[in-house]
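Enquirer: Chains as they are written, first to last, in our numbering: chain A, 1 to 387; chain B, 1 to 387.
If you're looking for bench data, these hints aren't it; they were derived computationally from the structure. There could be a bad hint or two in this list.
Claimed, not checked - Pair by pair, the computed Cβ-Cβ distance ranges are:
1. E347(A) to S220(B): 52 to 62 Å
2. R131(A) to A291(B): 23 to 33 Å
3. P11(B) to E295(A): 32 to 42 Å
4. P191(B) to E135(A): 46 to 56 Å
5. G271(B) to G282(A): 48 to 58 Å
Unchecked claim - Sample of chain B residues at the chain A side, in silico, Cβ under 10 Å:
6. V29
7. A81
8. E292
9. G332
What the hints assert, rightly or not - One-sided and incomplete, this derived list gives chain B residues near chain A with beta-carbon spacing under 8 Å:
10. L50
11. A132
12. Y136
13. L197
14. P265
15. P267
16. A268
17. H277
18. L280
19. R281
20. L286
21. G288
22. V336
Small disclaimer: the values here were computed from a predicted structure and weren't measured. Quick reminder that beta carbons are idealized off the backbone N, C-alpha and C, glycines included.
2 protein chains.
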Amino acid sequence: MTAPEAAAPDPECLERVFLCRVLEPGDVVAGRWLREHGAEEVARRLRADLRLPGVTDRRWAGLRARAARAEPVRDWESARAAGVRFVWPRTPEWPAQLDDLGDARPVGLWVRGTPSLRVWALRSVAVVGARACTEYGAHMAATLSAGLAERGWVVVSGGAYGVDGAAHRGALGAGGATVAVLACGVDRPYPRGHTGLITRIAEQGLVIGELPPGEHPTPSRFLVRNRVIAALTRGTVIVEAAHRSGSLVTARAAQRLGRHTMGVPGPATSGLSAGVHELLRGEAVLVGDAAEVVELVGDMGELAPDRRGPVVPRDLLEPAARRVLAALPGQGAASVDDVACGARTTEDEAVARLYELRSLGFVERHGDGWKLTRQAVTAPRQDHRRC
Amino acid sequence: MTAPEAAAPDPECLERVFLCRVLEPGDVVAGRWLREHGAEEVARRLRADLRLPGVTDRRWAGLRARAARAEPVRDWESARAAGVRFVWPRTPEWPAQLDDLGDARPVGLWVRGTPSLRVWALRSVAVVGARACTEYGAHMAATLSAGLAERGWVVVSGGAYGVDGAAHRGALGAGGATVAVLACGVDRPYPRGHTGLITRIAEQGLVIGELPPGEHPTPSRFLVRNRVIAALTRGTVIVEAAHRSGSLVTARAAQRLGRHTMGVPGPATSGLSAGVHELLRGEAVLVGDAAEVVELVGDMGELAPDRRGPVVPRDLLEPAARRVLAALPGQGAASVDDVACGARTTEDEAVARLYELRSLGFVERHGDGWKLTRQAVTAPRQDHRRC
């Protein structure tokens, strides 16, 4: 699932690429069409002007106009050439938790970066907040995210200035895993000032989005994007948000989806903490450091790591992940550098695989290095047969 | 209930003054004796060496030694001469909510200051926190307390350095009502550096404590005192507290007593907010200003003030309170100065009565002044008969 497939895509895949161009993210009326008729039939009707229910004439005409301009084969091929893959509900990389969005589920996701989105998302936390944050907010976002990365968690954010950027940088700086969920095409880093950061995230982590290459962000796209951040992760931490901030939309989406919602407190005198405090008066849980976040979002295995073993047999792993696993010593920890060297791959690829293996229970972080979990060491190696 | 009675005290009163010298505050074994045998019988047994159950020989001997030294008549007379009155469960000024403490209920309270403790306590909130607070903590304590005072609420605290002092000063500075609950004799301001502040509180508000005149504070007396602060008030606000801080004892006591527990958030990086954040992760409610505190502790009348009228007929008021009520104009607000002048009394006395009348629903604060509530104006004046 790393390199975009060389073969021609599945017919449903191409129809979903087409629908990505035609439908706005989060359109629940269109989501209902997809649920009731399937992507191929919805695409056929849009092309053939066979009216679907629940939209005005004007809206239908708008969709038809977009449909007339869409070039799905070109979109798919140019994305593939740019190292961008298209992940949709029947592909193995699709994160099943996005199905919790119901009719607001994305039609598909465009993905830049090596790791498996599905596996990374299993152990991920969103860290989001104000663009115009204070130094305190930036400090907290970076520290929390570095701490999450050190505990083997993937940090998901929106790539924006302020808290989002500090969260991504905190994770990257700790040699960790991070995912940027954009409200525009993944080939078009936004904001422009974060071009370098987003490029770096695509190398060491993942840059994803619902909108096809070339699409611009709009205010409503930012808000709608937030539901993907909320649904993808086990919980959302809000670090600074004013009243009526977009981050509160993410927090409320997380609450509705049954995800953990957390807030970092700040001075009661700070307008940029007012929105967080509003959440903390409701369902959200106050967190002050990464350990508290992990205590909340971690499963039992997190609190008692010795009780959990790998959940996937070793030889169901992809070859690249198996090579990284084989590069870890039987005892003690190894640096990413040593692991990359032993697995004959790059450090970024090694980090990508190590966080996948962490999600699957084979390895854990140990300071700056990585080591096998006790189960990965002691489990009988009877897994060379497929089971 | 203002001036200490000139007549000789009730026999139970003198026995309770005696027991105040002999028993340590918060002694639940002794509290059980009092509940089962009454104060007079417990005092008789202590004097006659008729052993009571639940204490070691050594502890009994200690109580007997204290009993031998106690001089209740002298205590009562010297307190009276110093303007200190003794309030105990059968006196009209006893705040009934202290009975919620069960066997840890104070034997009695020593009170300095003009207002009625019982009436003031009806609309009171505790604001407590760290002695070594930050500037942020002092600012929040003072601002919250000024805001509570402006809304007609009485601010209760412990008279200590830091948050407590800022809370008292905030209330005093807003021309408001404040009560200091000491862990030593009320004639012996502690800490010494707060002698001026505590003297001012005794003039404009109330200084109270369980320990008889001359007694010193000890670490355990501070902790035990906190239950009185918690029980007396409708809720406790914690402004800055480190982990394992004494203020958390007050907060937990408030929770056990079913009072509202509130915390002011601070930066997650501040050790002096760590204890508050611990509370906020539990049952405590996050508050950032006085309006939020009042929203929580206020009764329905607070949210919809027009719905509530005075709860006591006008001519059951004390003469001093009636004179203050009569000095308020039928329309609009008057300053404390004008009210004091009209009632032919001092400003401190006028403030004391105005907060009593506020607790009873006759008046409300209006900016810096005071005015009659709508009910006090429109209610038919048919209350000249006793009902």
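Enquirer: Which of the numbered hints above does this structure break?
Expert: 3, 4, 5, 6, 7, 9, 10, 11, 13 and 22
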